[in-house]
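Undergrad: Given next are the chains, with one letter for each unit.
Protein chains: 2
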Amino acid sequence: MHAAMWYGTRDVRWEERPDPAIQLPTDAVVRVVAACVCGSDLWTYRGARPPADPHPIGHEFVGVVEETGAAVSTLNAGDFVISPFSISDGTCAHCRRGVTTSCAQLQWYGGRDRDGRVLDGGQGRYVRVPLADGTLVATPGLPDTGQIPALLALSDVLVTGHHAAVSGGAGPGRTVAVVGDGAVGLCAVLASVRLGAERVIAFSSHADRQEVATRFGATDIIAARGDEGAAALHDLLAGEGADAVLECVGNKQSMAQAVASVRPGGTVGYVGVPLGGAELPIQKMFDDNIAVAGGVAPVRPYLPELLADVLAGTLDASAVFDLHLPMEEVAQAYAAMDERRSIKTLLWP
Amino acid sequence: MHAAMWYGTRDVRWEERPDPAIQLPTDAVVRVVAACVCGSDLWTYRGARPPADPHPIGHEFVGVVEETGAAVSTLNAGDFVISPFSISDGTCAHCRRGVTTSCAQLQWYGGRDRDGRVLDGGQGRYVRVPLADGTLVATPGLPDTGQIPALLALSDVLVTGHHAAVSGGAGPGRTVAVVGDGAVGLCAVLASVRLGAERVIAFSSHADRQEVATRFGATDIIAARGDEGAAALHDLLAGEGADAVLECVGNKQSMAQAVASVRPGGTVGYVGVPLGGAELPIQKMFDDNIAVAGGVAPVRPYLPELLADVLAGTLDASAVFDLHLPMEEVAQAYAAMDERRSIKTLLWP
Chain X
1 MHAAMWYGTR DVRWEERPDP AIQLPTDAVV RVVAACVCGS DLWTYRGARP PADPHPIGHE
61 FVGVVEETGA AVSTLNAGDF VISPFSISDG TCAHCRRGVT TSCAQLQWYG GRDRDGRVLD
121 GGQGRYVRVP LADGTLVATP GLPDTGQIPA LLALSDVLVT GHHAAVSGGA GPGRTVAVVG
181 DGAVGLCAVL ASVRLGAERV IAFSSHADRQ EVATRFGATD IIAARGDEGA AALHDLLAGE
241 GADAVLECVG NKQSMAQAVA SVRPGGTVGY VGVPLGGAEL PIQKMFDDNI AVAGGVAPVR
301 PYLPELLADV LAGTLDASAV FDLHLPMEEV AQAYAAMDER RSIKTLLWP
Chain L
1 MHAAMWYGTR DVRWEERPDP AIQLPTDAVV RVVAACVCGS DLWTYRGARP PADPHPIGHE
61 FVGVVEETGA AVSTLNAGDF VISPFSISDG TCAHCRRGVT TSCAQLQWYG GRDRDGRVLD
121 GGQGRYVRVP LADGTLVATP GLPDTGQIPA LLALSDVLVT GHHAAVSGGA GPGRTVAVVG
181 DGAVGLCAVL ASVRLGAERV IAFSSHADRQ EVATRFGATD IIAARGDEGA AALHDLLAGE
241 GADAVLECVG NKQSMAQAVA SVRPGGTVGY VGVPLGGAEL PIQKMFDDNI AVAGGVAPVR
301 PYLPELLADV LAGTLDASAV FDLHLPMEEV AQAYAAMDER RSIKTLLWP
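Line order of the protein sequences matches chains X and L. Residue numbers for the first sequence follow the working numbering, beginning at 1 and rising by one. Residue numbers for the second sequence follow the working numbering, beginning at 1 and rising by one.
Quick caveat, the hints were computed from the structure, so don't treat them as lab data. Hints may contain errors.
All copies of an identical chain are treated as equivalent in the list; a pair is satisfied when it fits inside any one copy or across any two copies.
Said to hold, decoys possible - Here are the simulated DMTMM-like cross-link-like pairs (lysine to aspartate or glutamate), alpha carbons at most 25 Å apart as the crow flies:
{"id": "1", "residue 1": "LYS252", "residue 2": "GLU15"}
{"id": "2", "residue 1": "LYS284", "residue 2": "GLU228"}
{"id": "3", "residue 1": "LYS284", "residue 2": "ASP89"}
{"id": "4", "residue 1": "LYS284", "residue 2": "ASP133"}
{"id": "5", "residue 1": "LYS284", "residue 2": "ASP113"}
{"id": "6", "residue 1": "LYS284", "residue 2": "GLU211"}
{"id": "7", "residue 1": "LYS284", "residue 2": "GLU15"}
{"id": "8", "residue 1": "LYS284", "residue 2": "ASP338"}
{"id": "9", "residue 1": "LYS284", "residue 2": "GLU16"}
{"id": "10", "residue 1": "LYS252", "residue 2": "GLU279"}
{"id": "11", "residue 1": "LYS252", "residue 2": "ASP115"}
{"id": "12", "residue 1": "LYS252", "residue 2": "ASP287"}
{"id": "13", "residue 1": "LYS284", "residue 2": "GLU339"}
{"id": "14", "residue 1": "LYS284", "residue 2": "ASP144"}
Computed from a prediction, not measured in an experiment: that's the story for all the values here.
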């Protein structure tokens, strides 16, 4: 088969790889029906952590089960499945509490398992999925092609936005501000609206992203950023900060903007991967009772609730996929996102 | 009158001061019935921030209203009152949301108001209380002398422990661990038990403090601290961390111990004043979805609920006052706490 491989800074290649096969009784092999590129893939792409060897890349995909290992009990060949971006057993103490991203057997697509097996990435024709029962969620039947982008968003981006909104406490009567107008930030707007937030303010300086934020239900847009953005928010809210600020970037400036935008007693819900030197200003947090909650999104336990809404047609984040490409053009997908010509690129096989 | 004045490192003096009088129509003058020394007073005492001029000290007291300004409507001369350690108007947006410590007119005992007036400290014969309606809470009648220590604990220490417990999410079915065996930590144990926590683990290496923690309902005591303490906690909990860890110290080591002791998806509720270089490890928090919530306790809005329990005799933190001294011996009170000969010292006029 073919799959995307990361070779180094801005060097992703579509190349021949061994066909995946069942290696462990808890495995499934999935034929990918759609995949996409994540903002966190861009950190890799830009070479934040250069590899010793090229390795498979990508962790967001949906597909059809081709084959299952002998110990897999909840999935059958032919099932349409959504894969969370992290692999978890579903049975350990942390999974039972809903924190599947801290699973005792946690594994990552494109990484290695404890025995040194290289895991497939999600951007390829086929993927061997370890711990398939704990990881994959099957839809009740086969979806229409038109539903696939909305289902693909459940693999990471929509659920990560939802996790920010839940962690920040978005809900009825609450004013929510979202820092970051990437795909996750836009999904955090959508998730906050779905959770009933009274007012949802999106920080965005790009017309195309403002348009998606508005389509997703943002009530206000602030084009300014940093201290200027926080000041504009306070102006908008009669001098007060937001009840919840959702930090969907992960760098020092975005976290500072989030903390500067929240009201005393409010919460920063954060899901931006803290790779950019993000810091938490503990004295300011202490003085104004600002809570910080969130982290890497445990997608799996959120899926039943969100999947039901997607299948019902009431939840659709597919507008974040503003560029669709054939999978073999994966290098172009990375370049488009890296150069901000695309919010998020969907890859069809 | 006489009151305590802070002159510099380990130099607190009991000396003559002008009698307080009403200066603003929102003031009350209170005759102090009992006061005490706070752990945060010790930071001052030890000279973390040496003063340009000597200033009044102390912020925990109960007393009887002597006189009220013309604009005070909820209090009368003769009322027995509890003062939260911070002064707030009760009417601004933050106060209405219960974050009185971020009040638009926030003032501190022993500090200065915006017009430069020096505020009395709480360790003295009398105190002028600005914004009296927003700040003070009167008891329904005059309490018995025997109730006064338990009422005095409502001025700060018990409510600060309660705030840690609420912020951390202590409640039925939850396992709570408390870092810090000072008076606040011990009160956090008591508050967690009151909130229905299933298991309350106190970190304490001092026999006298272990005894109070046990009396307050701690189910387990761990004498080790730091990484060793966190490891002992994981041993106790079959390899898992606590659902909530209450950080009641405020230095780098104690915060690290708290984060190391909480389970993935759990919360660190913190109330330790972050003066000791405390840091928040954002990458660990992100990876394991550890929330951090709390800050300086907004005592005032908690008082009605907690006061009712104290008056009913079901909530009594007075065991933290293991040394009672006449107020004129305030210097000895500081020395006793500084040298850890006393958990917390109560001062009688």
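Undergrad: Could you run down the list of hints and mark each one as holding or not?
TA: We went through each hint and held it up to the structure:
1. Taking the shortest alpha-carbon separations for LYS252 and GLU15, neither the intra-copy value of 36 Å nor the inter-copy value of 49 Å comes in at or below 25 Å.
2. Proximity of LYS284 and GLU228 under a CA criterion of 25 Å is satisfied intra-copy only: 18 Å inside one chain copy versus 30 Å between copies.
3. In the homo-oligomer, the alpha carbons of LYS284 and ASP89 lie at most 25 Å apart only across protomers (21 Å), although the nearest pairing inside one protomer, at 39 Å, exceeds that limit.
4. For a Cα distance limit of 25 Å, the shortest separation of LYS284 from ASP133 qualifies neither inside one copy, at 44 Å, nor across copies, at 27 Å.
5. Proximity of LYS284 and ASP113 under a CA criterion of 25 Å is satisfied inter-copy only: 21 Å between copies versus 41 Å inside one chain copy.
6. Proximity of LYS284 to GLU211 under the C-alpha cut-off of 25 Å is found in neither arrangement, the shortest distances being 34 Å within a copy and 35 Å between copies.
7. Taking the closest pair of Cα atoms, LYS284 and GLU15 never come within 25 Å of each other, the shortest separation being 50 Å inside a single copy and 35 Å across copies.
8. In this assembly of identical chains, the alpha carbons of LYS284 and ASP338 never lie at most 25 Å apart, being 34 Å within a copy and 27 Å across copies at closest.
9. In the homo-oligomer, the alpha carbons of LYS284 and GLU16 never lie at most 25 Å apart, since the shortest distance is 52 Å inside one protomer and 37 Å across protomers.
10. When the C-alpha separation of LYS252 and GLU279 is checked against a cutoff of 25 Å, the pair qualifies both within a copy, at 6 Å, and between copies, at 15 Å.
11. For the identical chains of this complex, LYS252 and ASP115 are neighbours neither inside a copy (36 Å) nor across copies (37 Å), given an alpha-carbon limit of 25 Å.
12. Taking the closest pair of Cα atoms, LYS252 and ASP287 come within 25 Å of each other both inside a single copy (20 Å) and across two copies (17 Å).
13. Taking the closest pair of Cα atoms, LYS284 and GLU339 never come within 25 Å of each other, the shortest separation being 35 Å inside a single copy and 30 Å across copies.
14. Proximity of LYS284 to ASP144 under the C-alpha cut-off of 25 Å is found in neither arrangement, the shortest distances being 50 Å within a copy and 40 Å between copies.
The structure is inconsistent with the numbered hints 1, 4, 6, 7, 8, 9, 11, 13 and 14, although it conforms to all the rest.
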